[in-house]
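A.B. asks: Sequence:
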Amino acid sequence: MNSATNKAFIRSGTSRRRQLKYNKGVKIDQSCVSSDAIPTTFETIYEDLSDEDSSRSDEDAPQELVELFNSENCEECPTTLFLRKWAVEEKVPHATLKPLLRYLATILPTVPRDPRTILRTPRSIPPGKIYNIEGGQYWHHSIERCLSLQLADLRAPRAISLNLNMDGLPIYANGRKQFWPILGKIREEPKWRPFAIGIFYGHSKPKRVEEYLEYLVKELKLILEQGMTINGFRVTVTIRVIICDSPARAFIKGCIGFNAFHGCPKCTTVGNRRGTYRVGECPARSDTMYRSFQYGEHHQRSTVLALCTHFRRIHLKIFCISSKELCDLAISL
1 MNSATNKAFI
11 RSGTSRRRQL
21 KYNKGVKIDQ
31 SCVSSDAIPT
41 TFETIYEDLS
51 DEDSSRSDED
61 APQELVELFN
71 SENCEECPTT
81 LFLRKWAVEE
91 KVPHATLKPL
101 LRYLATILPT
111 VPRDPRTILR
121 TPRSIPPGKI
131 YNIEGGQYWH
141 HSIERCLSLQ
151 LADLRAPRAI
161 SLNLNMDGLP
171 IYANGRKQFW
181 PILGKIREEP
191 KWRPFAIGIF
201 YGHSKPKRVE
211 EYLEYLVKEL
221 KLILEQGMTI
231 NGFRVTVTIR
241 VIICDSPARA
251 FIKGCIGFNA
261 FHGCPKCTTV
271 GNRRGTYRVG
281 ECPARSDTMY
291 RSFQYGEHHQ
301 RSTVLALCTH
311 FRRIHLKIFC
321 ISSKELCDLA
331 ISL
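With the UniProt record's numbering applied, the sequence shown covers 1 to 333.
By construction, these hints were calculated from the structure, which means they are not laboratory data. Please note that the accuracy of each hint is not assured.
[What the hints assert, rightly or not] Capping the alpha-carbon separation at 27 Å, the derived lysine-lysine pairs in DSSO-like fashion look like this:
#: 1; residue 1: Lys205; residue 2: Lys129
#: 2; residue 1: Lys129; residue 2: Lys207
#: 3; residue 1: Lys98; residue 2: Lys177
#: 4; residue 1: Lys177; residue 2: Lys205
#: 5; residue 1: Lys129; residue 2: Lys218
#: 6; residue 1: Lys91; residue 2: Lys218
#: 7; residue 1: Lys205; residue 2: Lys91
#: 8; residue 1: Lys129; residue 2: Lys98
#: 9; residue 1: Lys218; residue 2: Lys205
#: 10; residue 1: Lys221; residue 2: Lys85
#: 11; residue 1: Lys266; residue 2: Lys185
#: 12; residue 1: Lys185; residue 2: Lys129
#: 13; residue 1: Lys221; residue 2: Lys207
#: 14; residue 1: Lys205; residue 2: Lys185
#: 15; residue 1: Lys185; residue 2: Lys218
#: 16; residue 1: Lys221; residue 2: Lys185
#: 17; residue 1: Lys207; residue 2: Lys218
#: 18; residue 1: Lys98; residue 2: Lys85
#: 19; residue 1: Lys177; residue 2: Lys207
#: 20; residue 1: Lys266; residue 2: Lys221
#: 21; residue 1: Lys205; residue 2: Lys221
#: 22; residue 1: Lys221; residue 2: Lys129
#: 23; residue 1: Lys266; residue 2: Lys205
Predicted, not measured: the structure shown is a model, and the values here were computed from it.
Please work from the sequences and hints to get the whole structure.
C.D. replies: Structure (structure tokens):
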């Protein structure tokens, strides 16, 4: 391509962009900006965006390209696979990826023009219910639904034990928005991935632990007492351990922090001014006294976990400090 051809190509592309950006002949229909036309729910907005994206691609592209795009060959396109892998590994935002795809689509017609298409973003909201609780929102996926997916190939009665994990997770490096997921894992299947039972979203940790754990405890009481039936076979479920770091454990149990004078979770010893505890034999905490709220300054609030009688020795045995925190503590010492 010579210099004159390059200049003509650049001029045509520039004029085309100006025409798309500054087309003054377009008139806005007032009915489009009326209050009745504005979606009012998240589900409506999600469906409208998905329908608009799919219909636009079918109308604008020739039928041959539409068939090629929808075929399995497009799924194996090296460019599409590379862009998908690159966007996920480099954590490219949709706002950054979209202009790149729009430009590549003018050169490679088989490349999707929308990040949701190339990243295979689900077009439907995941199953579960979203509850508005104090401090944010809580999405509950359900233990029964998670275990039904994990044990979809069950062919005989089985007994399983669950490891649960609760902790805070910041969404951005700078900002207050965070998740508090409730994760579960089947202990007897170490190679299986953990599953999300519920997720809290807010600008801080949940204000009230009772609301945060309400739906989990309600479901656990039924499952631990009655069991489950999957593919016609009975599944007996027990809770083996709840894995938390020290601040999350104090929050979930409703007790004072680990570095307080009355913060020892194992015994009733009292710390000195330096926040250390005497070495020696001290009276151990009992589950009965813990549930009846008889440890004075060790308690800060009641915990909804006490309502579940199947949690054995809620004061200590059911909780476990995460291995990462123990490793950090050993390094600091």
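A.B. asks: What are the numbers of the hints that this structure violates, sorted from low to high?
C.D. replies: Per hint list: 6, 8, 10 violated.
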